[in-house]
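Residue numbers (the numbering used here), protein chains in the order written: chain L, 1 to 167; chain A, 1001 to 1492.
These aren't lab readings, by the way, just hints derived from the structure by calculation.
Please note: incorrect hints may appear among the correct ones.
Derived CB-CB ranges, DEER-like [unchecked claim]:
{"#": "1", "chain 1": "A", "residue 1": "1383", "chain 2": "L", "residue 2": "73", "range": "32 to 38 Å"}
{"#": "2", "chain 1": "A", "residue 1": "1356", "chain 2": "L", "residue 2": "9", "range": "38 to 44 Å"}
{"#": "3", "chain 1": "A", "residue 1": "1113", "chain 2": "L", "residue 2": "79", "range": "46 to 52 Å"}
Here are the simulated BS3-like pairs of lysine-lysine, each with C-alpha atoms no more than 30 Å apart in a straight line [what the hints assert, rightly or not]:
{"#": "4", "chain 1": "A", "residue 1": "1141", "chain 2": "L", "residue 2": "10"}
{"#": "5", "chain 1": "L", "residue 1": "10", "chain 2": "A", "residue 2": "1476"}
{"#": "6", "chain 1": "A", "residue 1": "1179", "chain 2": "A", "residue 2": "1141"}
Since this is a predicted model, take the numbers as computed values, not measurements.
Just so you know, even glycine gets a beta-carbon here, dropped at the ideal spot from N, CA and C.
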Amino acid sequence: MIICPNCQHKEMSGAIYCSECGAQLIDMTIATHRINTSETRQEAQRDSSRIQPPPPAHLQSRISLNMIESGQILPLADRTEFTLGRSAKDQPIVPDVDLSPLNAYANGVSRLHAVLKFIQDQIVIMDLDSSNGTYLNGSRLPPFVDTLVAHGDVIHLGKLKIQLLIE
Amino acid sequence: MTKKQDFYSLLGLLRDACAEDIRQAYFEAARRFHPDKNTSPGDTEFFLGIQEAYEVLSNPKKRVKYNSTLSPEKPADILLDQRVLFSRQSLIHLAEPQLIYVLMEFSHPANIPAPLAPSLNLCLVLDSSTSMQGVNMDVVKATAIQIMRKMKPQDIFSVVAFSDRAEEIIPAGHSTELKKMEARIHMLQPSGGTEIFSGLEMAYNEIIRNVYHAQVNHIILLTDGRTYGDEDKCILLAHRASEQGVGISGLGIGSEWNDNFLDDLASCTGGSSMYVSRPQDIQKTLLEKFTRLGSAYAEETRLDFKIPEGIELHYAFRLQPEAGVLSFESPMMLGPIVREASLRVLMEFVVQPHPVQQKTVTLLDGKISISLTDELTPTRPIPVRLIRPIADEASTDIPSAEIVEALLRLKLYRLQEQARLEVTAGEYDQASEHLHRLATHLLSQGERDLARTVLLEAEHIQQNKSFSQQGRKEIKYGTRALLTSGRSTEEP
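With the sequences and hints as input, model every part of the structure.
Written as structure tokens, this is what we have:
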């Protein structure tokens, strides 16, 4: 038996997605590491003094969100997709990562603002057409386009600043 | 009938047919092509050929002699490319039930030249009840005429209209007097109620007169309403049609028709069910369907199977070329194999605990039958056996990316199905919860419009304790369309 890490629903052994909430239940780690040239290029452009050398972003690697304003660190685990946003009264959708306690509304965070995804051995962010936009290291991302992120990148959801920590 | 046919293919028989089969096939063919009855040029010659074939094959001595002159039979398995993927390499000995997914793919082999467009035997069944009045009827008429004009000389076409009763608008035949036929379609006036069975039965009778293998036999039903009380009769008729190699597809227009019924009708014949919300889309959808019918390499792929004890076929779904639920019982009608895209079927099996000494588990044992659209000779069924080893320890392999990808898309459709079941069972909170989850997944995939529809529907369920007619269709066919469209081209 498998217990869904997202909703604790019990699934039969061999299930690939949770029938209750749709979360992926298997680890799609792929043994080979693909070298992505755009990653390397981005790396070169980035201010190298800012952060330690980033390890390759593996699926098992843990990702944490460093809320720069409050200094709070939010670890993310056990899923391959995380929607970021805020919950609101009378609003049915609750994002995987609810930023409401961090004054998300005042910072202009949309209810479903962006999504962080593991695609094979990479981590990408996609803006969900939020009202105030998602920024990666200062440049605004087009909606619904996956953009590669790396350790140390700073993401703005509206005015809310989050640094990605990938271990 | 340009190809030189041997006697067996003339009668549509396999080489090892018994005397009774030969007799049956002869009577069937003779009845159809008898000079008193036949209409098209060449039929009389064909009839004479049948006579000759029967004379030889019904005489054991002549038959043996004739057989020795034939070139060896083409093996059936080269006519079909098959691929089977399992979600895991082996099962595990467990004290509880476990799941395994199987993706089966059938396609036109690359080394076999693509056949010419097959002959069609097509019947359009048009709902002409009062509710069709206006734009719907006008578009339907225009599209019917457009399809008629696209018919090849050898194709057979018929049109049936129905309301409270059925009316033969264009009897089955070759399109000869186009002008006259067009006028008959134009004259169609909507009135009365919706009794699908009467229309379907007449269509069946039209199409059955010209049913022959080596052509595409298909009924397309267009309706905007709900039929009352005759659903079961329709399904029975559909089973009969399917036995004769006739597929039935349905196109529902607007929000009032019964989608479950049309899905059932399609799934028991290997056809497809389609939905359009606006009259403007009728034409595009129908013409697409027509094009797909015309690109069939094999018609009416059929899987006859047995499921051993301790195994349950929990779910079966056709992902491609047209997404749709399949029957979970044998025979499973998989529909046509088209030239452009393979036929892909996903199955979910539940495996009950097996004795520890057992080393392998058979999930399904069956055979696939296809009927090629350019070949009169029937093809021998191809055996299909799905077997997995069963081990003591879990294997650490990763399921194939294709299965995971397919399930990723299918899970959205299934969340929707689950919500429907829950509404039926009166579990409104769960249903709305599942719809919310569906909406979240849709949003993260960039499907904003559909996500919004889903959320509105969740609200509707909370307030009215039921789906809205339109919402339930938008969501069902919307999530289904995601299965075939926007195929991502991710690298392996």
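Going down the list of hints, with the structure as the test:
Restraint check, residue 1383 (chain A) to residue 73 (chain L): a C-beta distance of roughly 59 Å breaks the suggested window 32 to 38 Å. In this structure the supplied range 38 to 44 Å is violated for residue 1356 (chain A) paired with residue 9 (chain L), their Cβ-Cβ distance being about 29 Å. Distance hint check for residue 1113 (chain A) and residue 79 (chain L): the Cβ-Cβ separation is about 49 Å, which falls inside the suggested range of 46 to 52 Å. Annotation: proposed proximity of residue 1141 (chain A) to residue 10 (chain L) is violated, straight-line Cα distance about 52 Å (limit 30 Å).
Proximity of residue 10 (chain L) to residue 1476 (chain A) is assessed by CA-CA distance (about 26 Å); at most 30 Å being required, the pair is judged to hold. This hinted pair checks out: residue 1179 (chain A) and residue 1141 (chain A) have alpha carbons roughly 14 Å apart, not beyond 30 Å.
In terms of the numbered hints stated before, the structure departs from hints 1, 2 and 4, listed from lowest to highest.
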